[in-house]
Every structure is written in structure tokens, then in C-alpha cells.
Amino acid sequence: MRRALVLAALLLLPERLAVAHTPGKLLASTPYEVRNPADSYALFGVFHTGAERFVVKLAHATRFAAPVEIFVPHVDELRRHRPAYAVVGPGLPAPSAAELAALPAPLPAGWGAEVELNQVTPRPVLFESIMRRFYWTSEPLAVVFPAGPSEIWVWSPAKTTGKFGLGFGVEEGGGYLAALDDWSLYAY
Amino acid sequence: MARVMQRPHGMRLPTFVGGITAAFAAACWGFPVDQSTECAAYVRCIEAIDRAASAASGTPQVTDLDRYQDGGACWGNPELGKGCTTSCRRALDRLRAREPALPVECAP
Amino acid sequence: MRTSAIARPLLAVLLAATAARADPPDECATAPARFTIAVPAEVTVVGLTYGLRPEVAYRPGALGSASRLRLAVGVLDGPDQLFVPLSLGYRAMFRGRQRVQPAVGAGVELQHRLVSDYPAVRQYGVYVEVGVGIAATPRLAFGLMVAIDVMLYGGPGAGLGPRVFASWRL
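Residue numbers (this note's numbering), protein chains in the order written: chain A, 1 to 188; chain B, 1 to 108; chain C, 1 to 170.
I should point out that these hints are in silico values taken from the structure, not numbers from a laboratory.
C-beta atoms are modelled at their ideal positions from N, C-alpha and C, and glycine is treated no differently.
Treat the hints with care, as some may be off.
Pulled from the structure, derived: some chain C residues nowhere near chain A, Cβ distances all over 12 Å [stated by the list, open to error]: (1) Ala92; (2) Arg95; (3) Leu110; (4) Gly159.
Distance ranges between label pairs, derived from CB positions [claimed, not checked]: (5) Thr30(A) with Asp34(B): 53 to 63 Å; (6) Ala52(B) with Pro90(A): 11 to 21 Å; (7) Thr30(A) with Asp93(B): 29 to 39 Å.
Please model the complete structure; the sequences and the hints are all you need to start from.
As C-alpha cells, this is what we get:
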């Protein structure tokens, strides 16, 4: 009996380890479709020219709140790389004039935006313990996503290039082993 | 202390070490944390906004705040709690700066 | 450049092993020493860092005993962090009188991760290791170890660190 309890406790460890963001790869050429916004994601991409706009598409039956943040690897060559993001969709607040001017594309009629220009100073640092990496982060922001379709746009206001990651949700996914498919993108 | 750590009679060493490890893991890592005051305030504020919007439009507006509520995914461990708390604080700051007529529940 | 930094110690071990094969050690491959020092070169695969993790092992038992107490402190650099692990554990080294000496071990580890603009991250956890040493002389050995660590406090996570080493019995 005692041994069974210990074994059961040990079996819980992998379950704890498995609670992480579901990784995904962002391409400027193709919108990333989030199948289940109730899960959490860490989506990684690379700005090659600085002029790209990455699009993540979501659709959810109800309004929901989730944290969103954008981050870049904590390496010297990306010290000035500060990508921005905007959650855009119907029912979101009207952006300020400055935020509107910063958006990489016109807002569709009737849509609003929650814009994060990633300008917090001093630059916040995030240690991500699953991949054991340091990042500069915009800091998480709780965003209320509308019911129905919405999108997250990611762009580089200063046209800087380099890797970035977009995280949203609270590490509720279990598919972190998918990172093995593209290890260099996520890990180095 | 030595008495506490003494291996129970009849228990094999791997079982003992495994049990200690699992207990340590559960104690240090697996324990959930309490909902932060920042996120409690955020939940109250969004719920109040929903009520006001529902009253104004006549159509119920409900925001799924499960992650942030007491016992939600945010509070599974200290690391998650820290990130969620930051996200609530920043969201409330933005709401207060942007919206002049927030419900009283959103006041600092 | 980083690849060659990893490949060079591996090549050195292979060459040393080959040399040892050509020049077999004495009948007894173990010098009667209680302490062994080793200088492993390591690459951590999760959270890329590379560097040295010097260690000292103490044999508490009689000559021929497999048991060792191990203490190691590493300094490993990476693209985004400086990694300083401190390990204390048990290692069993088998076949001490043979040329090929398998080893397994386990212990506790405190990991420090440092960047310039953030407080040091400290994580506590456990590790297991498995590997093999090849005796070149009664005192000198070369080998390869692989360690897996699981951090339990300070941020969950697991890591993998292959390392090549040269060890010297004092």
C-alpha cells in the first residue's frame, strides 16, 4: 500500500512537467490558426526584414480573458529588438491615435484593438524554466478577447530583425514535446 | 531530525528515496498559491463591466475569467501566479487610464 | 566555432582512449587513492551553455569500494546566461580494476543562472548520471558521462548534460 502511494506520487511528476505552453511556429506568409484558445501557446517566429506582419487567428464562443506577452531572447544582438503586438477584433477598445498610427495595417471596420508597443523600461526580463532561457519581455497583459473571431498581429515598429515569441494563456497546454520538431527555433 | 528522516522499517531504499523526492517536489513545486489581490480586483472589475454592459444593451455579456478566479489555472504554482498578477495589474492600470467612466468596482 | 569547442574535447577523449588501448595499464588499474579530481567539459542541451564542471570524488570505503561522494561546481557560458551549478551526490564506480569502468550516480543540485540585468535565478533539484571511464594509467582516466537533472524548486524543468572528462586519482 505504502509503495503504491509512493509510486502514484512519482507518476504525478511528469504530469507537472507537462503543464507548459503548447509551442508553435509563426510564419509571416501564413496566419497561425489557434484551434483551441482555451489552451495556452508559445508561438515563435523570426523577423527577417523587419517589415513582416505575423497574424494569429482565434475564434472562441465566449468572451474570455487571458494573459498575453511578447518576448525576445536575451542576447546582445537583440537588445534593441522590441516587437509589438495588438489583439484586434470586434468589441475591443478603440486604440489611441498613437496606437492607431503604429498599427501595421488598417483596422477592419467595427474592430478595436488592445495594443502593446513593448516600451516598458527598464526592459523586464523573464526566465522560462522549461526551456531554461532568459528573454526580454513586454510583461504579460490581461486581455479580454471578444466572442467570435479575433486576431493577434505582431510587427516590428523599429524594423529590427530577429527571433521573438508570443505567449498567451496560462501554461495549460500539454504539447510542449512538439518543441522537439523544431528545437533550434525554440531552444537556441 | 534524524528520527524523522529514519527510513521506515521494511521500506527499500529506492522506494524511500522516491518517496522523499516526490514529497519534496509536491511541497516545493506543486502547491498552488492564493489568488492575488491584483487579480481579485481585476475579476471584480471585469464582472462589473459585464454587468453594466448587459444592463445597457439588454443582452447578457459574460467574460470567462476562469483562469484568474480563485482556484484558476493562474494559481497552480508561484511562477504562474507571478505572471498572472503582473497581467492583472497592467490591465487594470490601462483600463483606469483609458476609460473615464468605469464601474466603482474598478476603482483603485 | 561553438561546434568545434564541443568537438575538441570529444576528439581528445577518443584519442586518449585509443592511446590507452595501445598501452595497457598495470594489473591493478586503480591507484590506492581516496580522492579523485576530474575536469569535465559539458554542454547543457536545455538552455544552451558550455564550459567546465570540475569535481572532486571521495572514496569513503576500503580500496576496491565502488562508492564515491561527489562534489562539483561548474561554470558554463551560453548565448543568454552564465550557468553555475553546484552538485553534491553519490556515485558508484564499478570494475575499478578494469580498463573500462562504468559509473552511475545521483544527488542534489543547486543551479544558478545569471544575466546582467536580472537577479540570479536559483533552482534546486536532483540529478542522476551514468557514464563510463576508460583508465589510461592507474591514475589517469578519460570518459563520458550523461546527466539528467530535474529542478523542483525555483522554476520547474528538466535538463540534459553530456560531458567528457579527464580524471586523476590523487
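Numbers of the earlier hints that this structure fails to satisfy, in rising order: Hint check: 4, 5 fail, others pass.
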